[in-house]
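*Asks:* The residues making up each chain are set out below.
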Amino acid sequence: MTSEALAVDNRHVPGSISTAISHVLMAAALLVLTGYLIIYVAYAVNLMQFPFDYDQGEGFELVDTIMFSQGRLPYQNTNEYPFYSSNYPPLFHIMAAPFVWIFGPAYWYGRLLGFLGTLVTAAAIGYAVWREGGHRWIALASGLAFLASNTIYHIGPLFRQHMTMVMFEMLAVLVLAHVNEVSDPRRRRWMLALGIGLILCAGYTKQLAYATAGAAVVFMFIRQPRRAIAFGLGIALVGGLIFLVLDALTGGQWFLQTISANVNEFYLDQTLGLYRLWFSLHGFLLVPAVLYVLYELYFDRLSIYSVWFLAAGANAALSGKWGAGDSYFATSIAALCVLSGICFARILNQRLGSADHALSRRAKRWIIPLRGPLTAVCMIVIPLLYLGYGRAVLHMPTDGPVFGPVASALGLEANADNGFYDSAGRIAGGYADIGHLTTESDIAAGWQIVERVRAAEGDVLSEEAAFNLLAGKPVITNPTQLLNLWLNGQYDATELVTMIERQEFGLIVLRAQFFPTEVLIAIGEHYEQTESIRMNGFDYLLLEPRNQSAET
Amino acid sequence: MSKLFSRGYSLSKRDLGILLVLGGTVGLVGVLAIDVLDAGREGGIGPSQQAALAACVGIVLLGLTLIPLGRDPA
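Chain order of the listed sequences is A and B.
Numbered by this note's numbering, the letters in the first sequence go through residues 9 to 560 in order.
Numbered by this note's numbering, the letters in the second sequence go through residues 57 to 130 in order.
Read the hints as simulated data drawn from the structure, not as lab findings.
All of these numbers come straight from a predicted model, not from anything done at the bench.
Keep in mind that the hints are not guaranteed to be accurate.
[What the hints assert, rightly or not] Straight line, CA to CA, 25 Å or less: simulated SDA-like cross-link-like pairs of lysine to any residue:
hint	chain 1	residue 1	chain 2	residue 2
1	A	Lys-372	B	Cys-112
2	A	Lys-329	B	Ser-68
3	A	Lys-372	B	Ala-111
4	B	Lys-59	A	Lys-481
5	B	Lys-59	A	Asp-450
6	A	Lys-329	B	Cys-112
7	A	Lys-481	A	Asp-450
8	B	Lys-59	A	Lys-329
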């Protein structure tokens, strides 16, 4: 008889009072987490109706998508007009490209894809917890906890590829979790191929997925070193071939734009601040997840979820790079929701580990007599942990007919733009300021900028692509990519600076001023600010050629 | 070594412990070697290196605790 079977046979049946209290608390926890789902849906729907950049850089994702829909690659030489390139792999944009054929350039479908990706990830988390732990309410809470995270909420419904990467990572981990136990060789090979395919999809959605690829190889190596070699070679060969083809098709721009340009300066303080934020928001689930990893390490077999969690948590250290932020923790948040869920479900179902060494035998001798009272305590504590998590991640609009009264009842006051409360506050060490809903006045301000772009003579140099796209003007540059390259000594600004000196742009629109310094100096010398329009909490500076302004 | 790559072989907790000790030690030497190899670097062992060194020491200690657990599958 296995130890798990023993555990089931000797399972302690908790008393009716503790069961009743547990059910009430669990219902309360699920209610709170469902409330966050409603807030998340409201945010996603709001953003899908907003026709401009919400988070800086979304517009350039749209430009990449448009280029792919036209059969063009966005990995171009940034030293030459129109100075445009992308620093992201192609899959997310290829997925969105059919929408361009049907609906033309728009933000909503990219945001819809990101949002749907988070829902798929949440469902996969719930399924993983249910499969490993056999507890449906904990499975449901785990999936909802992922969507309730401030980080996932912030970036989920954006026109960005990060959450689609996390979706592919989660699906890959789900497929590979039990691949070694599949006895039918044909089925096992198909599952391995599917796992490799999903990991490659994640990697060709965003480069950061390399950590998940590494975690999968390490897990395979622990379970079956021989099989891990074939698995690792499969990823390397197919992934490497795609890489070489893209590099050849773009004359080396693929490597320069997606790899070299992403080696940015590292700020340790930013990383430490974001780790602190990660802990303060997710600590109620993070601590159980860490304890469960230790439990597996000593008293059971290491699962792919644990290896993945460790890899993702370590990889989040890269959040200190210039241009990075809290999104780098999204994979680890998915993993911690899975692990904490499995931990809770196994505790509630009294499933003991399979290890059979002196330490585990001693631990079992100690814990089996205490199983009854411990389970009764855990039945109360586990829902309380989810409630505590719900309090830690508190975020919601403080205005409006639905959210306003709820916020008042909770005594919340807005601490972010447009009447929004966010326990994450401003992102530690970073510069992102998102999560609030957009308003009609934001949309009106955006169209005002579009009209100014449309009225300008000739090309317009805009830090965000939407204004040019909606005004029917060509998109010039991807400023952050120019800055990335420039910081790495790989961008020659001569041609762009010359155009600015000749005042060839009828209008320049700045927001965060993420251009190389020499470009900003040229703009400062040859253009002057004539107007400032506030949209979505940011001041957009409109600059015109100096002489032309003087005449008007 | 041939046993490690034989069909059906799975790492034990002891194997994993040894690999963690080896990996952590290599990492420890590697992080310290940055200052030796990159002789022009100033400032000694910086905060990022200190964090990496602490992580490597942690991995070595974790590995040492796994070695006594023997043939139990990792």
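*Asks:* Honestly, which of those hints from before does the structure not fit?
*Replies:* As far as the earlier hints go, 1, 2, 3, 4, 5, 8 are violated by this structure, in ascending order.
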